[in-house]
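Asks: Sequences and hints are given; from them, build the entire structure.
Chains as they are written, first to last, in our numbering: chain A, 1 to 339; chain B, 1 to 339; chain C, 1 to 339; chain D, 1 to 339.
Source of the hints: derived by calculation from the structure; they are not laboratory data.
Mixed in with the good hints there might be a few duds.
[Unchecked claim] Simulated DEER-style distance windows between Cβ atoms:
(1) A:Ser192 / C:Lys62: 53 to 63 Å
(2) D:Glu100 / C:Lys255: 53 to 63 Å
(3) D:Asn114 / A:Arg17: 50 to 60 Å
(4) B:Lys259 / C:Gly258: 32 to 42 Å
(5) C:Gly185 / D:Ser325: 21 to 31 Å
(6) A:Ser98 / B:Gly139: 29 to 39 Å
[Unchecked claim] Quick look at which bits of chain A chain B covers, simulated, 3 or more residues with Cβ under 8 Å:
(7) 30-42
(8) 218-227
[To be verified] In silico contact screen, one side only, chain B against chain A (beta carbon under 8 Å); selected entries:
(9) Phe55
(10) Arg58
(11) Leu59
Backbone N, C-alpha and C define an ideal beta-carbon position, used for all residues, glycine too.
There are 4 protein chains.
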Amino acid sequence: MQETRDHARKLMEKYCRVCPVCNGRACAGEVPGMGGLGSGTSFIDNVSALAAIKFNMRLIHKVVEPATELRILGKTLALPIIAAPIGGVSFNMGGGISEEAYIGAVINGCKAKNIIGCSGDGVPEFIHKSGFAAIKDAGGHGIPFIKPWEDEELFAKIELAKATGTDIIGMDIDAAGLITLRRMGRPVSPKSVEQLADIIKKCGVKFVLKGIMTADDAELALAAGADAIVVSNHGGRVLDHTPATATVLADIAGKVKGKTTILVDGGVRTGGDILKMLALGADAVMIGRPFSIAAVGGLQAGVEKYIDILQSELKQSMVLTGTESAAAVDGRILFTAPR
Amino acid sequence: MQETRDHARKLMEKYCRVCPVCNGRACAGEVPGMGGLGSGTSFIDNVSALAAIKFNMRLIHKVVEPATELRILGKTLALPIIAAPIGGVSFNMGGGISEEAYIGAVINGCKAKNIIGCSGDGVPEFIHKSGFAAIKDAGGHGIPFIKPWEDEELFAKIELAKATGTDIIGMDIDAAGLITLRRMGRPVSPKSVEQLADIIKKCGVKFVLKGIMTADDAELALAAGADAIVVSNHGGRVLDHTPATATVLADIAGKVKGKTTILVDGGVRTGGDILKMLALGADAVMIGRPFSIAAVGGLQAGVEKYIDILQSELKQSMVLTGTESAAAVDGRILFTAPR
Amino acid sequence: MQETRDHARKLMEKYCRVCPVCNGRACAGEVPGMGGLGSGTSFIDNVSALAAIKFNMRLIHKVVEPATELRILGKTLALPIIAAPIGGVSFNMGGGISEEAYIGAVINGCKAKNIIGCSGDGVPEFIHKSGFAAIKDAGGHGIPFIKPWEDEELFAKIELAKATGTDIIGMDIDAAGLITLRRMGRPVSPKSVEQLADIIKKCGVKFVLKGIMTADDAELALAAGADAIVVSNHGGRVLDHTPATATVLADIAGKVKGKTTILVDGGVRTGGDILKMLALGADAVMIGRPFSIAAVGGLQAGVEKYIDILQSELKQSMVLTGTESAAAVDGRILFTAPR
Amino acid sequence: MQETRDHARKLMEKYCRVCPVCNGRACAGEVPGMGGLGSGTSFIDNVSALAAIKFNMRLIHKVVEPATELRILGKTLALPIIAAPIGGVSFNMGGGISEEAYIGAVINGCKAKNIIGCSGDGVPEFIHKSGFAAIKDAGGHGIPFIKPWEDEELFAKIELAKATGTDIIGMDIDAAGLITLRRMGRPVSPKSVEQLADIIKKCGVKFVLKGIMTADDAELALAAGADAIVVSNHGGRVLDHTPATATVLADIAGKVKGKTTILVDGGVRTGGDILKMLALGADAVMIGRPFSIAAVGGLQAGVEKYIDILQSELKQSMVLTGTESAAAVDGRILFTAPR
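Replies: Laid out in structure tokens, this is it:
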């Protein structure tokens, strides 16, 4: 993996430093680029909130070979991991590889390891075009994400997404904060629950709504018919000073767990981070920037290697907390300070 | 804006570093200059307390084009922003431009963008003279601020302020801590509620009292007849180790909201900061140092550009929290950690 | 004062850096020297705990010329300040001036400004000899401090202290932790309440017990007949990891306020720090290291100048909090975070 | 001691920096080596949690010569200190001395000072072989530790350990997280309470179980028949993001104090740290890295010198808190912040 990371550091020069821990500090404010918006703290806090959560280490039990597979959104995944939708290699990552090579590495690497990857959307057109093509080439094994466009653009893209053969479509509704897109005459916007219900109905496949940060919005997503939500602050790239996703996850899970699939992203880097998110109430996690680094630095092989490492780390943390299955993680594996 | 800031950095050399985030750390103790008094923490904490406040990001709603205008002190402002009273370009900002050019840029830039600016007071005389002249030239569109002088000086200045044509006068009562002025034979001092009532009556126009940091003082200001208070620790320049204004604002608003207009300054830098202050209970904010940097670096054009940026940021943060109008901000857009 | 500090920095080279804020960080672990023991945090926390206490700034009141004088231990002091007992110029401060010149500057500077200074004790003999001589020369205006020796040494020193003409004697009982003295055959030790009562009786003058860090010990000191206690962790020089004196003061004052005189040292640097300690329950403060720097760098004139600055700062902070008299400070001038 | 440390720094170059305070920051992630796993915070927090605990300093009492000896596990120790099991000089410490020289220095240094040392286990074979030999040479005065191997390897090693003549055997069950060993075909694993009971029965001597981090596991260890537990996160080397041992100790002691012997390691560096752990509920402490540095840098003489320093520090902190005996430490010597 070190070689992949070194190669990525060279290709992503001035866009991503490939830090020892990817924590948003060095790249604060670098949007476009890989950083968080403004002070960068919405990204930074995602990582530090996760780091502040501690495990109850336990060794007197029978868990020796824990099971990491689980079933969500009608699919069986080998691990509770989805590669998050990220696009724009040229202006976010330095353009060291093409958009097609990038998204192909992500989609195919995930498929090879029996998990699933997402494709991104945006301006210019080649972002979603490359993504849709990669998913189609993978036999529909991928989740195409669409931004919350206004008017006809949205419905036209939904048709293109469905044509990939996928049975899951996603929308990162938190991208609605991008006023720059509106000024380019390509408006994105929040959606009412009625509009969302209409969109989901038009999709006609399983629907993932990304950008939920409150229990209220989670319930509205449920009401609109979303099959899954992603607790996400868009990697800290749309609004400065949001809480960390790990901070709001338990409250959201307390409201909608079991009624919809709960995904979460934001600062997940290691197998231990994954286990923490599951213990807080997620069914699975999305991982963003580390997959980008793996794909830019090592293409499909880099993506696969990173998944292997995550699996090994996840298993070790499951053994050391006595967690038998990733599909049923007990919240009590997390340490709570005595009062 | 970058050009304006670079130019300001050159003109303000040794007085202000025009840091990426204006947070009071590099300039701690630099009074005169742009810093906070002593340890500088009264300034520093203003910024860090605001940064610690987080937003509940929400995207499932109908707010697409939020309204930023509001009516306070008998005026309609395009944005809930007032440029704070700052003077002394020569000894605080390096003297790269004249006092007249400075205050003219602030007053006229605000007027052009349909908000309002304040002028400062102090020793030497040209500070208030330049300020009063700028407001008069702007047809009275500005708020002249007067320090809490003792005896006749105060009443003489009130007459001069009224002669500008303004219908609002302000006093920064927290300047009363400046023992140096007393030693120069120009004493300033706290005022009893009776003295304040007398001063406000003599003004005969709307009166803004700046330097309120407790609910008790807010109620006394109300009793004395103030039309508006400004929750302010004078940018951390009169007393080391006060709480941040964002820390005391909610408590003060809990006592006097709706009975007087509540303004607040201290660490407000971005549109997000403005929205936070409104959510904590302010009707509008005052912004100080960033306007000084914009005026020194770019004159009126710099001031106008900064206001444009604030408007764009404010709108984006309103969209991402589902806030329809700056005149009615819901406190629940702020994140409260679960217990 | 800057000149005095620059001169001190030269004379104290390698012993004290005369930092902008004297906070124990640069000199952590430097004992002998001017630092705190071990990690230095008992010293560091004294300063940071004080800094974390915030003032309720208030300007609507009648306090324009606050009174700083007060009566304690049978004396009227112009300010609630006592110079703490510090000795050992040669091994703690670099030996740039003689022990006699040092303690003379402290004792006489304090007397000239109508406050009072203390002399220190230790090994070698010239520490207490210089101190006793200085107090005698000042007509007994000073407080000789004696370490908690075992056996006859203690009583012999008490007689020498009384011979200075003073009517107050102090003991820094917290020095009992110095095992090095025991190994040199000069044992110091804790004292039982009965032993203390006996010592106080033998003194026959007012007695100040320094080194109280719990409410329990404060009550035992009271039972033994101490006229005053000093809440002190010996500047962080005897036990690593004690709480800050500002942290334990309110609890101690809650138990013995009004029954004995409460003094406190530890991190007091400015007039604002003094006012905080009074608001927490102290009757007056002791200040250590800053007096040493003033004396080494400027002799008696340096000490007097430092006292003038403290008075000016104290008055300004009293005005800005509406505090009329240092003899009756209201705890509500300190900010308490709302729950 | 300075000489020993300087020598160790040279011999351990690139493996251990022998920092002024051994706190896990400089070596974060260095496994193999002397650091903590991953972010290193499980190691770092051990140290910082201990540092955050403060003493109630007390001087009015009769404790002048405190007693440090105590009886645990059928032995009388001069001090409540056990040298923790650490092995692998070549790959963890730079190989400046041989494994035999290292473990001999630890075991014999401890014996000479009337405390006790442990030997480690692992791959390659010479780690446990050198350890067992050293304990045998010391007449069985030492505690051989065995990793939680699966199958026959475990029972074969128990027999070898018993052949040293010891009457105490230990197991660091937290080593079960080392997936690398499993991949080398040398599997280690958690144990059920039934398996543990069987192992303890087969040992037939006193049994110490190391790696307990929850009250639940402590009770299971008790149920399995362990004579002592060691509250330990393996120095932060097996699972990133565990709480500090000082953080979980009181809760564990609340459940099993008096029913089994409670040992604890993790960040213990000084006599003050030892006293804190006893006040939190431990019967004695284990110390790891500092003994390694002492042994590498000064062999047996270095180990003995370090024990002397610990004794002197422990006594001083006992005097300054009024603690008469290490065998009966009152939890109230620790400061609790008032609410």
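Asks: Give a verdict on every hint.
Replies: To see whether the hints hold, each was checked on the structure:
Taking the beta carbon of each, A:Ser192 and C:Lys62 are about 57 Å apart, inside 53 to 63 Å as hinted. Judged by the Cβ atoms, the range 53 to 63 Å given for D:Glu100 and C:Lys255 holds: they are separated by roughly 59 Å. Between D:Asn114 and A:Arg17 the beta carbon distance is about 53 Å. The supplied range of 50 to 60 Å therefore holds. A beta carbon spacing of about 40 Å between B:Lys259 and C:Gly258 agrees with the range 32 to 42 Å that was offered as a hint.
Checked against the given bound of 21 to 31 Å, the beta carbons of C:Gly185 and D:Ser325, roughly 26 Å apart, stay inside it. Look at A:Ser98 against B:Gly139: about 59 Å separates their beta carbons, and that is not inside 29 to 39 Å. Residue count for the region 30-42 of chain A with a Cβ under 8 Å from a Cβ of chain B: 3. That meets the three needed, and the coverage hint holds. Closer than 8 Å: that is the beta-carbon criterion, and the region 218-227 of chain A has 3 residues meeting it against chain B, so the requirement of 3 holds.
Annotation: B:Phe55 was flagged as interfacial toward chain A, and the flag holds, the nearest CB pair being 5 Å apart, inside 8 Å. Proximity of B:Arg58 to chain A holds as hinted, the smallest CB-CB distance being about 5 Å (cut-off 8 Å). For B:Leu59, the interface hint holds, since its Cβ comes within 8 Å of a Cβ in chain A; the closest pair sits about 4 Å apart.
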